[in-house]
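Participant: Taken in sequence, the protein lines are chains B and E. Those letters in the first sequence? Residues 334 to 612, by the working numbering. Those letters in the second sequence? Residues 334 to 612, by the working numbering.
No lab work stands behind these hints: they were computed from the structure. The reader is advised that the hints may include incorrect statements.
Identical copies carry no separate label here, and so any pair may be met within one copy or between two of them.
[Stated by the list, open to error] Pairs of lysine-lysine, BS3-like flavour, derived with a Cα cap of 27 Å:
#: 1; residue 1: Lys587; residue 2: Lys478
#: 2; residue 1: Lys478; residue 2: Lys364
#: 3; residue 1: Lys463; residue 2: Lys366
#: 4; residue 1: Lys585; residue 2: Lys478
#: 5; residue 1: Lys585; residue 2: Lys352
#: 6; residue 1: Lys366; residue 2: Lys587
#: 7; residue 1: Lys585; residue 2: Lys364
#: 8; residue 1: Lys463; residue 2: Lys587
#: 9; residue 1: Lys463; residue 2: Lys583
2 protein chains.
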Amino acid sequence: VSRYVLLIGFMSYCLMGAKVFQTLETDIQEKLKNSFLDAETALMKNYVNITPEELEIFLQMLALSIKHGIIPVRTGVVYFSWSFRNSFSFVASTLSTIGYGSIAPRTPMGQIFCVFYALLGIPLTIIFLKAVSNAILRPLSGFEKYLQNMGMEERRIRIYTILFFLVTGLSLFILLPPLLFMHTEGWTYREGLYFAFISLSTIGFGDYVIGINPSQNYSHIYMAIIMLWCAFGLTWIALLFDLFAKTLEKTKTKLTCHKLCQTERKSSGKSSYIWPFFA
Amino acid sequence: VSRYVLLIGFMSYCLMGAKVFQTLETDIQEKLKNSFLDAETALMKNYVNITPEELEIFLQMLALSIKHGIIPVRTGVVYFSWSFRNSFSFVASTLSTIGYGSIAPRTPMGQIFCVFYALLGIPLTIIFLKAVSNAILRPLSGFEKYLQNMGMEERRIRIYTILFFLVTGLSLFILLPPLLFMHTEGWTYREGLYFAFISLSTIGFGDYVIGINPSQNYSHIYMAIIMLWCAFGLTWIALLFDLFAKTLEKTKTKLTCHKLCQTERKSSGKSSYIWPFFA
Ligand SMILES: [K+]
Ligand SMILES: [K+]
Numbered sequence: 334v335s336r337y338v339l340l341i342g343f344m345s346y347c348l349m350g351a352k353v354f355q356t357l358e359t360d361i362q363e364k365l366k367n368s369f370l371d372a373e374t375a376l377m378k379n380y381v382n383i384t385p386e387e388l389e390i391f392l393q394m395l396a397l398s399i400k401h402g403i404i405p406v407r408t409g410v411v412y413f414s415w416s417f418r419n420s421f422s423f424v425a426s427t428l429s430t431i432g433y434g435s436i437a438p439r440t441p442m443g444q445i446f447c448v449f450y451a452l453l454g455i456p457l458t459i460i461f462l463k464a465v466s467n468a469i470l471r472p473l474s475g476f477e478k479y480l481q482n483m484g485m486e487e488r489r490i491r492i493y494t495i496l497f498f499l500v501t502g503l504s505l506f507i508l509l510p511p512l513l514f515m516h517t518e519g520w521t522y523r524e525g526l527y528f529a530f531i532s533l534s535t536i537g538f539g540d541y542v543i544g545i546n547p548s549q550n551y552s553h554i555y556m557a558i559i560m561l562w563c564a565f566g567l568t569w570i571a572l573l574f575d576l577f578a579k580t581l582e583k584t585k586t587k588l589t590c591h592k593l594c595q596t597e598r599k600s601s602g603k604s605s606y607i608w609p610f611f612a
Numbered sequence: 334v335s336r337y338v339l340l341i342g343f344m345s346y347c348l349m350g351a352k353v354f355q356t357l358e359t360d361i362q363e364k365l366k367n368s369f370l371d372a373e374t375a376l377m378k379n380y381v382n383i384t385p386e387e388l389e390i391f392l393q394m395l396a397l398s399i400k401h402g403i404i405p406v407r408t409g410v411v412y413f414s415w416s417f418r419n420s421f422s423f424v425a426s427t428l429s430t431i432g433y434g435s436i437a438p439r440t441p442m443g444q445i446f447c448v449f450y451a452l453l454g455i456p457l458t459i460i461f462l463k464a465v466s467n468a469i470l471r472p473l474s475g476f477e478k479y480l481q482n483m484g485m486e487e488r489r490i491r492i493y494t495i496l497f498f499l500v501t502g503l504s505l506f507i508l509l510p511p512l513l514f515m516h517t518e519g520w521t522y523r524e525g526l527y528f529a530f531i532s533l534s535t536i537g538f539g540d541y542v543i544g545i546n547p548s549q550n551y552s553h554i555y556m557a558i559i560m561l562w563c564a565f566g567l568t569w570i571a572l573l574f575d576l577f578a579k580t581l582e583k584t585k586t587k588l589t590c591h592k593l594c595q596t597e598r599k600s601s602g603k604s605s606y607i608w609p610f611f612a
């Protein structure tokens with residue numbers, strides 16, 4: 334029961350935020366779009382008499398517009414508008430701390446709201462992803478128990494469990510999704526792989542973003558798959574980084590106190606080596 | 334000793350990465366810049382005969398250039414080039430998972446290297462920031478002990494310690510830095526505050542980025558302050574989010590098992606409430 338309360342509460346928080354950002358930001362983008370279109374019209378009218386300086390001013394303005402999520406196309410359509418769906422994507426990318434930045438609040442109110450919204454929302458997301466990490470670690474410890482019942486020695490069990498974690502996660506979250514992106518976003522496999530890693534590691538440069546290809550009509554099923562991929566993939570990669578960090582620290586400790594701690598190492602820190610992270 | 338090894342190792346990893354990215358990415362940006370300048374020259378030459386379609390194609394190209402970190406200014410200078418300093422900033426923003434994306438690898442080799450570099454680098458950064466978190470928590474437990482020696486009751490000590498953590502961190506990392514940014518970047522106080530929070534929470538939209546104001550000559554002292562601010566601020570805000578998440582979870586548990594766990598609550602989970610995070 335508690336898990337469903339968490340899920341519903343978290344989703345409500347996201348939907349509420351998406352609505353607020355949409356309300357706060359739509360006007361300014363409309364205004365920017367219009368002023369850009371006016372400038373473009375003026376440029377087209379007077380281009381016989383335009384000086385390099387005037388062109389430059391126009392280009393600077395264009396650069397600003399693009400930063401604000403406006404891409405000029407023939408019909409003057411806003412490329413990445415604060416529609417509810419885009420606003421929701423923005424909220425999801427903010428709370429997960431991916432922060433693509435393909436769209437970001439521009440109004441003073443929107444920016445201030447964003448700070449307080451994330452201040453509460455990121456801890457909520459941490460709790461939510463902790464619940465997801467349990468859902469990942471449970472089958473893993475099931476796998477561990479299965480091997481134990483087969484009478485395998487402890488060291489090998491550990492290696493097989495880690496391998497199982499790496500192989501399934503790597504295929505599900507990093508190696509297979511690019512095939513889907515190739516189809517829906519028109520990227521190469523490498524670009525999809527790069528996007529998958531940059532997103533799930535929460536770096537989120539925003540040089541590749543899904544769901545904004547204007548020639549593509551995204552289905553609801555696709556969006557649902559993406560959300561599941563994000564929730565589980567983010568958690569998996571956080572667990573992976575934690576595993577790497579623990580292993581590296583272990584190695585560092587081994588290197589720095591090669592002989593000193595030899596007896597100490599034998600006695601302690603054997604069973605609590607890998608799982609659980611997120612203690 | 335171990336701490337200095339860590340610091341030097343981490344810095345070497347960053348510097349090495351900065352050099353590699355610079356080598357991999359400089360050429361393509363040069364090429365893009367030149368093709369943009371050619372297009373601009375062609376546009377300026379023939380602008381009497383230009384059609385709206387041709388202008389549009391030019392604008393699309395401009396949009397692409399801006400995405401690749403090229404901003405057209407009078408002299409055709411690359412705004413955000415892969416200079417060593419910018420490349421180092423890029424590496425720092427990637428490994429901290431802030432990922433502003435004001436500059437990102439465009440070449441296939443650069444993108445692939447980026448994935449593997451971050452895969453090892455992010456765990457290294459986690460280890461590095463754990464060391465920083467010890468440096469933050471040590472004075473805090475010193476403060477706690479000071480209050481204990483004064484004979485204060487445990488509940489009040491906890492409240493005062495959290496308040497001390499909040500007030501000093503909030504002033505040092507969130508409320509004071511915007512004053513510096515107002516001076517160096519020409520932002521308003523609100524913009525600086527927004528930037529500080531969006532950066533330290535590792536969201537990093539990239540709508541505001543420091544160190545790229547072309548009219549400003551950044552001193553080495555400024556860059557050193559920024560690096561210290563980042564290292565300690567990132568850690569402080571991670572501790573803050575963890576504190577919030579733990580408090581929220583505690584509240585959730587209280588709400589869901591209001592009477593059931595009353596006896597349980599009394600007996601356990603009292604001392605291990607706040608510190609240490611990052612167990
Ligand atoms: K980020
Ligand atoms: K980002």
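Participant: Next, verify each hint and record whether it holds.
Facilitator: Status of each hint after checking the structure:
1. Lys587 with Lys478: neither (29 Å within a copy, 33 Å between copies)
2. Lys478 with Lys364: For lysine 478 and lysine 364, the Cα distance exceeds 27 Å both inside one copy (61 Å) and across copies (57 Å).
3. Lys463 with Lys366: For lysine 463 and lysine 366, neither the intra-copy (41 Å) nor the inter-copy (45 Å) Cα distance is at most 27 Å.
4. Lys585 with Lys478: Neither way: lysine 585 and lysine 478 sit 30 Å apart in one copy and 31 Å across, limit 27 Å.
5. Lys585 with Lys352: between (48 Å within a copy, 25 Å between copies)
6. Lys366 with Lys587: Neither: 60 Å inside a chain and 49 Å across chains, both beyond 27 Å.
7. Lys585 with Lys364: neither (56 Å within a copy, 43 Å between copies)
8. Lys463 with Lys587: Classified as between; 18 Å across copies, 30 Å inside a copy.
9. Lys463 with Lys583: Answer is both: 24 Å inside a copy and 14 Å across each meet the 27 Å cutoff.
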